[in-house]
Amino acid sequence: MRAFRAGLSLQAALLWRSPGNLHVLATVPLYTLILLAMTDASHQAGLAPNAIIAPTLMALWTMALFTAGDLIDRDRHDGTLEPTVATPAPLAQVITGRICAVTAASLIAFAEAWVVGLCFGVHLSVHHPLTLVVGILTTSLTTACTAALIATLLVLTRGGRPYQNSLSFPFYLLSGIVVPIEVLPHWVHPISRIIYLSWSADLLRSAFRPEEPRQLPMQLIALGLLAAAGLACASVLMRRVLDRVRILGTLGHA
Amino acid sequence: MNAIEIRGLRRDFPLPNGERGALRTALDGINLTVGEGEVHALLGPNGAGKTTLCKILATVLVPSAGTARILGRDVVTRLATVRPLIGCVFGGDRGLYGRLSARRNLHYWGALYGVPGHELRARAAELLDRFGLTAHADERVETFSRGMKQRLHLARGLMHAPRVLLLDEPTTGMDPVSARDFRTLIGELRREGRSILLTTHDMAEAETVCDRATLIDDGRILHTATPRELGALLSRHERIEATDVPAQLLAQMGTRSGVTSVNTGPDGITLIEVTDQDALTPVLRLLVDAGVTNLATTRPGLEEVYLQLIGDRGMDVAS
Ligand SMILES: Nc1ncnc2c1ncn2[C@@H]1O[C@H](COP(=O)(O)OP(=O)(O)O)[C@@H](O)[C@H]1O
Ligand SMILES: [Mg+2]
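So the sequences go chain by chain: A and B. For the first sequence, the UniProt record's numbering gives the first residue as 1, with consecutive numbering after it. For the second sequence, the UniProt record's numbering gives the first residue as 1, with consecutive numbering after it.
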């Protein structure tokens, strides 16, 4: 737990000291405005929650992909990975703490989008507050687990970097964050469903609708399974990272 | 119990671009013992295997064969007990969080070594002071000079007051003043009873700070010596450089006992090699008496001493 806390506060300090990492948060109001303008123009007030949820999930995913996903590889590059491995602190715990800090910081996006909505005169009514809270928590958890998977993959595969970029926009589309999945061709649906963001988007939207959120258990199970799968893969890969450092000796140098 | 005990240590690396299975041997069966409270220098040119040895002792690299123990604990099988005992300083620009302050860096690394929260502040402040970094404690490390980073590396390695210190080229990039302070520091750490393994390619540094020095090259140990022997090695073949030496004196010089060679280059500079310190003084006096004022004495570099050692050995084998 000490190592987790140390990682958490290190990453908080790093984010604070290099706001460049938070540039995503600067784009959130913009996306919110664009989406709100679109719902307004199409006279679909019912889509307003989308305009708040979509930029939030986009920010979470972007931060997971580019900031949290980059953690270990950056440490390798800066020569801080080996000294970390040399300490008695378990590397996985340190990294988990750091990823949690990034995920927590990206939740600021939700508050931003909400405030922009208010300024735009959108008063969202939360019909199911508990669903909203549970939705935000499970989404954050699954984001963190997925980020751990990306972070380990990226440091192990030198050729992985080009894929990093291609994982952002296509993911927004596939996961139905911006445009609901129902609009996409049928054959895409199974793909959408293995991306956790699709479950998160549905779950969070349901909190703003008057109907009972009947899908909630299903959505929670899906998110839980995807989180567990991500975490399991990440911990297997974390062992590989340590082996690369200690047995092959190939992760020490840039 | 010994601080460090290394038996038959070997480490091979796969060649980066070599064919499959091709290996480069970085350490080739090293045996080395560092007693508790001893300051031991590991001397060797670039590529000798010093860093590889430090990494194995620091538990971040696994040996291909052989064993290494820190205070009796195996560095491969007893990670959890070994790691808190060691402080490691891998020199250079890397290895610190450049965007954070020196103080923040120390807090973080201290926490990873299990220093309790309430002690972190006091320890960090004390070490920043000890290394003359208090005035810059809250500045970003990326703005630091090479020497300041090097001192911060040392502070980092001492945060958890380890019993065994591994210092890999801790003075590279330090200005001469810091390097002198470093020697004082090693003295203090020795008095505190810490055992130190220190790598360097500076013979004079090894001579002044260590109890014993081991010379390694190409992954093998050439020789283990006391600073006295090291000094003797250095002053063996002490050299004098002089210009405008009268020809008559040159001839006379060549026949003196204790003078191994006299050579005048095309640039008019004469190089006189003598066997030891005792032979040096009379030769210098002769030159001064003859009115030669452009004089300098130089010592052989590490490479030359190596050649000499390898040469001596070669003769041992031959005879
Ligand atoms: N990770 C590595 N992969 C391949 N070769 C390596 C690696 N680390 C060190 N070596 C090789 O091992 C030898 C010893 O290196 P090193 O221990 O860094 O020497 P020193 O620190 O004495 O300069 C060198 O030939 C170096 O190229
Ligand atoms: Mg080295």
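Misleading hints may appear alongside valid ones.
[Said to hold, decoys possible] Beta-carbon label-pair distances, calculated as ranges:
#, chain 1, residue 1, chain 2, residue 2, range
1, B, 78, A, 189, 25 to 35 Å
2, A, 77, B, 15, 39 to 49 Å
3, A, 77, B, 232, 43 to 53 Å
4, B, 119, A, 90, 17 to 27 Å
5, A, 17, B, 80, 30 to 40 Å
6, B, 146, A, 225, 49 to 59 Å
7, A, 77, B, 275, 50 to 60 Å
8, B, 35, A, 167, 50 to 60 Å
9, A, 77, B, 146, 50 to 60 Å
10, A, 77, B, 243, 50 to 60 Å
11, A, 225, B, 45, 31 to 41 Å
12, B, 80, A, 5, 13 to 23 Å
13, A, 5, B, 35, 31 to 41 Å
If you are wondering where the hints come from, they were derived from the structure by calculation, not from laboratory data. All residues carry an ideal CB built from backbone N, CA and C; glycine is no exception.
Hints, verified against the model:
1. Between residue 78(B) and residue 189(A), the C-beta spacing of about 52 Å breaks the proposed range 25 to 35 Å.
2. At roughly 23 Å, the beta-carbon separation of residue 77(A) and residue 15(B) lies outside the given 39 to 49 Å, and the hint is violated.
3. Under the hint 43 to 53 Å, the C-beta atoms of residue 77(A) and residue 232(B), about 45 Å apart, fit the expected range.
4. Range check, residue 119(B) to residue 90(A): about 21 Å between beta-carbon atoms, so the 17 to 27 Å window is met.
5. Restraint check, residue 17(A) to residue 80(B): a C-beta distance of roughly 32 Å satisfies the suggested window 30 to 40 Å.
6. With their beta carbons about 51 Å apart, residue 146(B) and residue 225(A) fall inside the hinted range of 49 to 59 Å.
7. Restraint check, residue 77(A) to residue 275(B): a C-beta distance of roughly 51 Å satisfies the suggested window 50 to 60 Å.
8. As the Cβ distance of residue 35(B) to residue 167(A) is approximately 55 Å, the hint placing it in 50 to 60 Å holds.
9. Between residue 77(A) and residue 146(B) the C-beta distance comes to about 19 Å, which lies outside the given range of 50 to 60 Å.
10. Against the hinted window of 50 to 60 Å, the Cβ-Cβ separation of residue 77(A) and residue 243(B) comes to about 51 Å, which satisfies the hint.
11. Taking the beta carbon of each, residue 225(A) and residue 45(B) are about 56 Å apart, not inside 31 to 41 Å as hinted.
12. Range check, residue 80(B) to residue 5(A): Cβ separation about 19 Å, and the 13 to 23 Å hint holds.
13. For the pair residue 5(A) and residue 35(B), the beta carbons lie near 38 Å from each other, so the given range of 31 to 41 Å is met.
Of the numbered hints given earlier, the model fails hints 1, 2, 9 and 11; all others are met.
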